[in-house]
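Using the sequences provided together with the hints, build the complete structure.
Protein sequence lines correspond, in order, to chains A and B.
Following the working numbering, the numbering of the first sequence begins with 1 at its first residue and continues without gaps.
Following the working numbering, the numbering of the second sequence begins with 1001 at its first residue and continues without gaps.
These are computed hints drawn from the structure, not numbers from a lab.
Any given hint might turn out to be false.
[Stated by the list, open to error] Which residues of chain B face chain A? A partial, calculated answer using Cβ under 8 Å:
id	residue
1	L1024
2	P1025
3	G1050
4	G1080
5	S1086
6	F1116
Ideal Cβ placement from N, Cα and C applies to all residues, glycine included.
Number of protein chains: 2
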Amino acid sequence: MSSTFNSHHLEPFKVHILGCGSALPTLRHNASSQVVEVRGKMFMLDCAEGTQMQLRRSKIRFTKLSHVFISHLHGDHCFGLIGMVSTFGLVGRTAPLHVYGPKELGPILDSQIAFFTHDLGFEVKFYPVDPTQHTVVYHDHSVEVLSIPLQHRVPCCGYLIREKATQPHIRPDMMKFYEIPVSQRNNIKKGADWVTSEGETIPNERLVTPADPVRSYAYCSDTRYIDDLWQLLQGVDTLYHESTYGDDHLKQADKYCHSTARQAAIVARQAGVGKLLLGHFSSRYENEEVLLNEAKEEFENCYLTNEMDVFDI
Amino acid sequence: MSSTFNSHHLEPFKVHILGCGSALPTLRHNASSQVVEVRGKMFMLDCAEGTQMQLRRSKIRFTKLSHVFISHLHGDHCFGLIGMVSTFGLVGRTAPLHVYGPKELGPILDSQIAFFTHDLGFEVKFYPVDPTQHTVVYHDHSVEVLSIPLQHRVPCCGYLIREKATQPHIRPDMMKFYEIPVSQRNNIKKGADWVTSEGETIPNERLVTPADPVRSYAYCSDTRYIDDLWQLLQGVDTLYHESTYGDDHLKQADKYCHSTARQAAIVARQAGVGKLLLGHFSSRYENEEVLLNEAKEEFENCYLTNEMDVFDI
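Next comes the structure, spelled out in structure tokens:
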């Protein structure tokens, strides 16, 4: 019976918060980085200074990290990249590391690798992302990653990480009971009924359990409030939306192209997401509960992030 | 009497350890950086990733830091520089920051500043250092900094920070007692006796207390054992000498141009320094006491460094 149970059990889809402060690292918060665990893969979103230490602290195995997506080229989102690449070299990595980000990152990374590393035992493959486009930047058989155009002081995009639809799950108990040969599994997954040797038709819905729901996570790193952003975020299970400021600094939010916690929550409500994670907190807030409370006035299911937090998506 | 006492009181000369691990940052150690407090100035030696956070943790005021000396261009000694410069910009620094290091650092820093900062409100002045020379790279009225050629896989130098000799201290009580005019103070500091109106000669040594001893600190960041290094370190009060490995990894020390703790202690003994600080520990040592014990077999007065330690020099 345990295999039947397992087929119903969703694979982990989690986000590990490595840093959720804004530009000024403090003793409370590191600058931006997080790792999303999805379908057995580890994708990093942004890579601020100190990320490699946070990665170690989180106990995520370095070798599991395969892809890094950089939202924009402000230091608090990318200064940790060359240090992490160097360390991966020192610990003997051989698997390629795939890095996505605005095109200007390519030559910067190339020149840093050329100057600061020696006999790097793995390839760093760079893929330019056009932050003005909403498009698929990565996909494999089980996951796709799309860019989400944001509005910040420099070209910037968020990322939407979405599972691909799976087929329904075969019920092993039914396969055994009706003695259905393995060769028929694919047909049944695609919806076929089964006709027994006695001529009885067993409807497909008795042979399978439904496909897993398609889950998705959106990361909106740095952005001013965008009134139609919700259109790209509809149906998202978990949204991380920057909330640098509280209502008390609405003007600063506008001036520096950031959002208030309330604005983040308005986007979450408009998009009808499952839950909202708040982060990218300005160092001016000793206590971020004020941000949480303002956000909750617009959208109830929201949470403050903190370093080493892990959220199920 | 308190002013007399104060004139005997030595000004602080301390080293704050911000990071004392080697290339691989661990949960125990950050990579190399330290701040030396001397004659009211704060000089940074190396600036690894995470240094700005360590600086904050150490409660050293950002504005007090005026000079940064980089020993060599391996990431674990300089990757934190651009992040620290960016943060200084964000917090409104206006005073120039003086950066010393191998000449290749200049254009790297320039291009990082041009790309990653915007309207930086202060000047970053770069001074190339020739790591093959033992020469004065900085001096002011009270302190001088000299380069110390080291032998590593890339051009590398340590730094010797030395107080300049002061004049003897005037004894205010004697000045008052003999009614010596202020105009005579400089002559007396330079060694003059005083002749009273009654014709009595007061010898200089009764009018002054001796000049403060000239103290010095040497930082030898990354180097293989150099058998004549002691000649540049004679009379140094406190020596920090890298001790990446223990006796068990003597071959690796040789291969990677690092030193063992024992070799560091041999240099300390040869140079006759006051005390030895061990650091730049390989991440392989869970317990660095083994390094300390091996060093102590050669030179008794030595200490393991640790993040946030502060040593008097």
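Each hint tested on the structure:
1. L1024: holds (6 Å)
2. P1025: Cβ of P1025 (chain B) sits 5 Å from chain A, so the hint holds.
3. G1050: holds (5 Å)
4. G1080: Since chain A brings a Cβ to about 7 Å from G1080 (chain B), closer than 8 Å, the hint holds.
5. S1086: Holds, because the Cβ-Cβ distance from S1086 (chain B) to chain A comes to roughly 5 Å (cut-off 8 Å).
6. F1116: Since chain A brings a Cβ to about 5 Å from F1116 (chain B), closer than 8 Å, the hint holds.
Violated hints: none; the structure is consistent with every hint.
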